[in-house]
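One-letter residues, chain by chain:
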Amino acid sequence: MNTSFTQVTQSTKTRFGRLGQYGLLIAFVGICLILSLTTPRFFTVQNLMIIVTQVSINALLAFGVTFIIITGGIDLSIGSMVAVTGVAAASFAHPDTYPVVVPVLIGLLAGLFFGAFNGFVITRSHVPPFIVTLGTMTIGRGLALILSKGRPVSNLSDSFNFIGGGKILGVPTLILILVVAFIGCSILLKKTVIGRYMYAVGGNEQAARASGIPIGRVKMIVYTLGGLLAALAGILLTSRITTGQPNAGQGFELDAIAAAIIGGTSTSGGTGTMTGTLLGALLIGVISNGLDLLNVTSYYQEVVMGAIIIGAVVLDSMNRTNKN
Amino acid sequence: MNTSFTQVTQSTKTRFGRLGQYGLLIAFVGICLILSLTTPRFFTVQNLMIIVTQVSINALLAFGVTFIIITGGIDLSIGSMVAVTGVAAASFAHPDTYPVVVPVLIGLLAGLFFGAFNGFVITRSHVPPFIVTLGTMTIGRGLALILSKGRPVSNLSDSFNFIGGGKILGVPTLILILVVAFIGCSILLKKTVIGRYMYAVGGNEQAARASGIPIGRVKMIVYTLGGLLAALAGILLTSRITTGQPNAGQGFELDAIAAAIIGGTSTSGGTGTMTGTLLGALLIGVISNGLDLLNVTSYYQEVVMGAIIIGAVVLDSMNRTNKN
Amino acid sequence: MIPQPYMLEVTDLTKTFSGVVALDAVQLRVRPGEVHALMGENGAGKSTFMKLLIGLLTPDSGEILFEGISLKAANVHEVLKKGISMIHQEMLNVPELTVAQNIFLGRETTGGLFRWLDDSVRNKQAAALLAHLGVSIPPDARMKHLSVAEMQMVEIAKAISNDVKVLIMDEPTSALADAEVTILFGIIRELTQKGVAVIYISHKMDEIFTIADTITVLRDGQYIGTYPATELTENSLIKLMVGRELDRLFPESTTQPGVEVLSVQHLSRKGAFSDINFAVHAGEVLGLAGLMGAGRTEVARAIYGLDSIQSGEIHLKGQPITIKSPQDAIRQGIGYVSEDRKQLGLIPALSVKYNITLGNLSTYADGGFIRSQRESTAAVDVMAGLRIKAAGPDQPVVYLSGGNQQKVVIGKVLQANPAVVILDEPTRGIDIGAKSEIYKLIHELKASGIAIILISSELPELLGLSDRIVVLAKGKQTALLSKKEATQETIMRYAMQP
Amino acid sequence: NQSTTSEKNDDGSKKLVIGATMLSMQNEFIVNVYDEIEKKAGADGVDLITVDAERSALKQVEQVESFIAQKVDAIIMNPCEVEASSPAVAKALAANIPIINVNSETSAKPSAFVGSDDVESGRIAMKFIADKLKGKGNVVMIHGYMGQAAQIKREQGAREVLKQYPGLKLLAHQTGEWDRAKAMSLTENWIQSYGSQINAVFAHNDEMGLGAAKALLDAGMKDKVIVVSIDGIPDALQGVKKGTLDATIFQNAEQQGSKAIETAIKAAKGEAYEKQTLIPFQLVTKDNLASFLKP
Ligand SMILES: Nc1ncnc2c1ncn2[C@@H]1O[C@H](COP(=O)(O)OP(=O)(O)OP(=O)(O)O)[C@@H](O)[C@H]1O
Ligand SMILES: Nc1ncnc2c1ncn2[C@@H]1O[C@H](COP(=O)(O)OP(=O)(O)OP(=O)(O)O)[C@@H](O)[C@H]1O
Ligand SMILES: [Mg+2]
Ligand SMILES: [Mg+2]
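Residue numbers (the working numbering), protein chains in the order written: chain D, 1 to 324; chain G, 1 to 324; chain U, 1 to 498; chain X, 1 to 295.
Check before you lean on any hint, since a few could be wrong.
[What the hints assert, rightly or not] Below 27 Å or equal to it, Euclidean Cα-Cα: the simulated DSSO-like pairs (lysine-lysine) are:
id, chain 1, residue 1, chain 2, residue 2
1, U, K484, G, K190
2, X, K286, X, K132
3, X, K132, G, K149
4, G, K167, X, K132
[To be verified] A few chain G positions that, by computed beta-carbon distances, are all more than 10 Å from chain D:
id, residue
5, L134
6, M137
7, I146
8, K190
9, G212
10, R217
11, G306
Calculated directly from the structure, the hints in this document are not laboratory data. Even glycine gets a Cβ: it sits at the ideal position worked out from N, Cα and C.
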């Protein structure tokens, strides 16, 4: 019997499927090439380091959002969490008060709590994550203002300011932290049971439940992770600008979600990779940096930025559909 | 042979489904009641008129977004469209230049074009609406700034300012326009073939396609409608504040989407009503007005606002699940 | 009979998916008024073929002539308008819309001065259509509230509501019991008498020989041939389809039932079933029989923790247990293969491998980290054991043919090493070869001491495999029959008890 | 034609490159400051790289980092925040690039400062109200975006004056987020709850002042309530002319812009420059309006 009816080696198919990923990479490399040719200041070690540094905070948030979107959810509150956790950390980071671990732990704890609260409400009620996190986004902003009495929390210790502003062996700490977080998140998503469950929950929640997957716990975990990563971003941001700003992080949620989706995470859940998200964040960062270097007038920058993002993703998706 | 094997009479089930709608109404009435009891100024004709006036612009945007979300899409660009269309209209609304229909038509045309562009890119490419409209949101903001050179366009004719700022028989024009738009949108959604197709496309795009429904055309229509309603909102806002502001409408998209989702439109598409959306917009408006009347400090306003919105929707959804 | 001209002529139709040939130069000629069966194993390309006809997919090459006119560039809308309609295998409906709205989707009626939608006319027409099909589904009920079988009837109603010339039916009966199948056949005969051509796809052999005039066979995307039904026997047809002779469908079992594994006492769930009592033993197959909507699936869901129960007890190996979720059930050693693989069985975007290991992932992990080597080995074993046809373990399960998807679900449940397995319509949509494999598998499971609860609407299957049979009617248990007592007639009698 | 530091002027001297990061190019006042900078830069043959920080201190710090990497000759910064924009100053100074703050301050001391003291504007506005109300009455205040430097300072100035006048009562204060429409809605709501109790409105910028005035006008209360706001944008000057606004506190954008670029050029060339140029706020009322209205 001729059972191998799928004669044409089908592994090409999967290989092609993965090749779809490269559409974005090609767009990204293309943009980098154009920038390298048009401005000599683009392709310098220093500028590339600056880009990665600038991208890092958005990338951290986008990692968190990627987990959440893969399970079919969304989190609009991360920008506010950046502010709350930043202000909370800053309040304990004045010189000669506590050792530097204290503000860091307090910031992370605040993020943990906040994210867990999102997860709790979302799993317990049947309210869509969009509304829950829109609510906590507003609540978080208010809390940041209350905590700081509406004023920036400044005068932070040097050791605290080092976390997000220092360099180790010439490499900015932000880049190092980004690399570690990227590896950690990738492993969590691809190599662990909980990561697999995230895909399952987002891919078909009902079937996941019927397969014995604890849906509620998975969701709790992703929103808590989102909170933790937002806290990390908040602490790094605060440290980098040496102040806890109650109005920091506004609009960060859209940038982070954009990075994830540009990177191929589907808003309907079930698909996405950390590599894609990182690439998405880098793409946004490179365009923004390039437009500044080319001294494009700020109004036109917005137009060009929007157009390039759409263009890059159109290219990417054309690539994918051709392959299928 | 006895062939009537379906034993459960199902019509009761659908009736319960509709009852779910009332959960939000109950929350809304409850909040109104509490406000009426705590501040005597809340339940006056004048104040209620002010609330509706203030709500109207968000409601118009939310109507547009409701169409779009029902088809399973999203539109983040409406806030920018408010700015572009407002600035465009204002540029032709200076006294003693053109008759008042000219700026209105130009504004609407700009919205039509913008919305159609969204629809075109979304239907032609396989790029998620989130990214496309995030891109056009950025582009739109840039265009508004370019058009106005970054400055408010003021000195508008009285007849133009009347559109969104006047009263007819003591009733603010905004309220009248809101009522007309509400009726129009409700009819379109519930009473026309194209409205039915919106539900079908959002409910199951594959099934809609297999039934011969022109998916692309339906999507073009909803995004264009979204653009037109955003233009209407932009013109009214410009007229109400008597200037075309290039930075108007920031964050409007989130408010409008919130109104739609609070009103029961599902982010995954296929469900939603204009009545629900209107109720959602009114709920937000009433809370915001009430907090001002009660003179709650701004920081706490945000916390309370977020909490009430989550609370109201939790109540609503508990109500629904109980009924099912 | 004078041979009439062909109504539909397909020549050399070819379709590839990312380089993989799904259909290779297939032919089809259909005359008006005939029932033309399209036969082939799971994954042979039948559904793909029909989707090409209806315009949902575009062919790479080949010609489709309908009444002499080429259909090649036509889209679904145009094809539907020309009078070709299709009942889809995967039940394409809009869950939030009502039954009537689904039936007439794309063909709404408008009325009055403003030409607004008028559902009342359509509701009446839908009610009439459904009554004609012998079902009492309210036309204003939401689609999402219907059972799988009811949805299937609505799909049929939708397809025949169109003024059709060619009606394509892709496994219309896979979710139906005998009673409805009889009605459906009546309707097919009505239609063919009016000159409608029916292209009929099914894996149920008896149906084919009851209804088909002509049979076209596909194998692995290749055109094998077209034959008058009278020239073929069940065995010769199977041979054409699978390319070899099949063993006996129901092998003789020698396994003797062992100790009691699972029992339920006075199990009740409001609005679904009440006072259900039975026990299933190691190495035993307990059949659950009943008409559509009798509550068999509901009982299974409740045991598996997908629904809550109001009263009654579940005992596992003599110990009372409480099951609040599928997670509990799996932990206790209960497995469930759902009748609704699309909703409850599969994660479509995930690969075959990931779907198979999903229910028991921690076995392949150390400290939360998945050992991919171990996982792959296990998945490949399952795939080989169940003969799952896929490009490989990494192919997304959504691209598998229906029958192979079903095997993936079974594989997932089995590799969690359950003590009891509930199989709810396990052979729905499965080809004859795979069916015999699944029957063999059930015997193997029996032999290895697993207790099996089998829900099936195919009485021969139920009778051929079960050691004892519980009959349900309208949520009540009306009989518990031994193998000797159980015949088609007794089961039907108890199933129709008030 | 993107300039590089090696480009030459017509006279053969090295072409100067100056980077400017502005708080928000969507703010009319800032745009006015910037226009002046650009005009002067063009006239002096300076290459100006301008970026918009979009009110984000983080973005601003990053932009200055980018300027440093590009080795510009001087930086003009229109700070987003007092504290949060400070690292930018420190980084520029560490790289030996002169940095000039324009319009508002940072806590880190830049090479030079050109601008006005926002606290002063709050003081002038509230003093005007106090004088008009003869030290007795009810005031409401509309804040800018909470937590931003300008909001904090303008509030601070206003509160200083309020303290001096025990007869002045702050009835209510909320944020209008610098936005005309939001301030208008807020004022409408206040009219509902306080009605004729309101004697004066102080808004942190003209946009919001104009929104409040429109709400009062619609309610027929404008002639009974004093409205004062800050910036002196053209719309506000028109408002003062029409009487919808009672006063605006004029902040001289042109002078701030031109002084900033002048100082930056001097610093870039290594010439001596003023470390601090304070451009005072000016109260604009109907009486002195003529001198502010452009022909
Ligand atoms: N969109 C697609 N992308 C890739 N491969 C596909 C796609 N659709 C179908 N296939 C492949 O084409 C082949 C034929 O599938 P098809 O669904 O037509 O089979 P079938 O004969 O209808 O089987 P069944 O009896 O199980 O329904 C299968 O191998 C399937 O995996
Ligand atoms: N999710 C649901 N919501 C509402 N009603 C449902 C739901 N699922 C099933 N029902 C109803 O419950 C009744 C019992 O259905 P069930 O699927 O348990 O029957 P069954 O005996 O398994 O028959 P079959 O599997 O042949 O349909 C059906 O009439 C169906 O309409
Ligand atoms: Mg098929
Ligand atoms: Mg069933």
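Checked hints:
| no. | hint | result |
| --- | --- | --- |
| 1 | U/K484 - G/K190 | violated, 58 Å |
| 2 | X/K286 - X/K132 | holds, 14 Å |
| 3 | X/K132 - G/K149 | violated, 37 Å |
| 4 | G/K167 - X/K132 | violated, 33 Å |
| 5 | L134 | violated, 5 Å |
| 6 | M137 | violated, 7 Å |
| 7 | I146 | violated, 5 Å |
| 8 | K190 | holds, 23 Å |
| 9 | G212 | holds, 22 Å |
| 10 | R217 | holds, 20 Å |
| 11 | G306 | violated, 3 Å |
Violated hints, in rising order: 1, 3, 4, 5, 6, 7, 11; the structure is consistent with all others.
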